[in-house]
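Chemist: Now for the letters of each chain:
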Amino acid sequence: MALADVPLARFLAEPVVPYEADEVTRLILDGHDEAAFAPIASLTIGELRNWLLAAEPAALAAVRAGITPEMVAGVSKIMRLQDLVAVAAKCRVVTRFRDTIGLPGRLSVRLQPNHPTDDAQGIAASVLDGLLLGAGDAVIGINPATDSLESTHRLLTMLDAVRERYAIPTQTCVLAHVTTTLRCIERGAPVDLVFQSIGGTEAANRSFGVDLALLAEAHAAARSLGRGENLMYFETGQGSALSAEAHHGVDQQTIEARAYAVARAFSPLLVNSVVGFIGPEYLHDGKQITRAGLEDHFCGKLLGLPMGVDVCYTNHAEADQDDMDALLTLLGVAGVTFVMGVPGADDVMLSYQSTSFHDALYLRGALGLRPAPEFEAWLERMGIGAASERLPAALSPALIGLG
Amino acid sequence: MAGVPMSWRDLRRFTPARVALGRAGNGLPTAAHLQFQAAHAAARDAVHARLDVPALQAALRALGHDPLFVRSACPDRRTYLLRPDLGRRLAEPDRAALRSVAPPDLALVICDGLSATAIDRHAAPLVAALDLPDAPIVIAEQGRVALGDDIGEALGAEAVAVLIGERPGLSAPDSLGVYLTWQPRRGRTDAERNCISNIRPEGLPIAQAAAKLRWLLGAMRLLRCTGVALKDEQPLPAPRTPLRLGEQP
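The listed protein sequences derive, respectively, from chains A and B.
Going left to right, the first sequence walks through residues 1 to 403 as my numbering numbers them.
Going left to right, the second sequence walks through residues 1 to 249 as my numbering numbers them.
Don't read these hints as lab results, they were simulated from the structure.
Backbone N, C-alpha and C define an ideal beta-carbon position, used for all residues, glycine too.
Misleading hints may appear alongside valid ones.
One side of the interface only, derived from the structure: several residues of chain A facing chain B at Cβ under 7 angstroms [stated by the list, open to error]:
1) His177
2) Ser267
3) His358
Hey, can you work out the whole structure from these sequences and the hints?
Modeler: Written as structure tokens, this is what we have:
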């Protein structure tokens, strides 16, 4: 039977990963909402494609709790790039912390100020560079070079101080392992968002050192701080389960969509598919990275997630800046919630190429998109935007320890 | 510099990141754009460089070691890039060589990974700084991190430290990583390892990396595990630039 002819109901009756063996399957099936599923319950995968292309935004939002990751992944496989763009563009997902992410006509940027040795001044310099180029409204988020408790606590304190000195309406994050962040919360560190990499099977999550109970514990700990509404930041990427041999024979894109079921159980502020980071054994070249990035964005949005994409590639993949420009532009048209902002597109800690602050400015300019409203007002107040060598007085580097 | 207003371009002295590149409209100025393209070409070359095994063997012998040599199940670079499963597995004919060694407490595996350049430059100096005369050393070609599990299991080692070339970045084609695994067995996951990353003179210097690994080895022997259960809680080394922001935890 061709995929297009498979009835959606069959995905509920025959889980791709056994219910008994996998808590992610149990999460998906136990949380399935029959009433929300009703409008599409009689459709096949092929008919679902037609339904999605014709649906109004309100109908797409209403069906979220009734559609499973496997159905979404299935239909994405028979969609062209333009289908993936068109349907995602109709999905609205809005989240809040200190600013509002995902409003129509807006494009947010994660400011990613990584440094090879987590040097405080080096990080501060990249943060200021990004702010001056309009980045940082999704989050200012560091990937730490080492996952140590002392270092994570120090970076959290440092980022919180930068945010306060400049009074930036945004949130900060150190992308350490969730157990490290939990220890930091216990020690009284200023934690805005709790980060974790997640996968689409119980075994994949175990390879990341987490399970659903641990994520729930972290979510509760973040809630206890009372700092914001949506508190989690998750990253995913096709191929992670396969690389951990935790995929149960299921294709990497379906497993990726199942990771979004894990994410949506915790009402995250941001979810990011780090699409080109995994390497050429999973996504070989620019064409595959492009397809995967649009699939992930579509699947995440249809499942109701604030979906961003790290438009990126490694130096052992067959890809270059032209491929990134094409994917970035397609994602902009598809209404991507946020993209990364890395100084000059070169992450000097993780050693890969992502999108730059300039790339985000290009996309906003080309498509008439604006930053999150609270952040946009802050940019105006600070006098940021002119292409001038002179720094605005309110953004004195001395305020954040530079000078 | 105190009292002198800084310009945007002054940010460059604080970080190797590509900050203060200027703007041409919303895009990069031409010089910065072309420098990026050239750096990408250089990084692509590093990915395909071949490990100089005889030179590494000679350097290790000069340090008093007698390194073994094995290959992964990948016959060539292209297979290595496309088949990580084969890069985690020993070439069967090479397995026998490992049985000649008495089961050690700790084995060192030196592996080209994605940057033979990193191994060529930094592996022998790191081994010298570690000063572990009793640890057998295995040089492995076309290997992934988890090849250390297969090698460690074949040796019957209690722990394995894999020194491996990290994926070249635009600004760092020679970054070395170390992955420490307690009771290496095939099928171990990355959550069961501890990692020290970005070892190179401009990143984490050799001496500091060696000190960090020695600390981890001590903690590992105490707790009899590696991975997320073994947190790096050693006091921070003195920062390279003074901290003036926020409180020290």
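Chemist: Work down the list of hints and note, for each, if the structure agrees.
Modeler: Evaluated hints:
1. His177: Hint holds; His177/A Cβ to chain B Cβ min 6 angstroms, cut 7 angstroms.
2. Ser267: Violated - the Cβ of Ser267/A stays beyond 7 angstroms from chain B, reaching only about 25 angstroms at its closest.
3. His358: holds, 6 angstroms
The structure fails hint 2 only (numbered hints given earlier).
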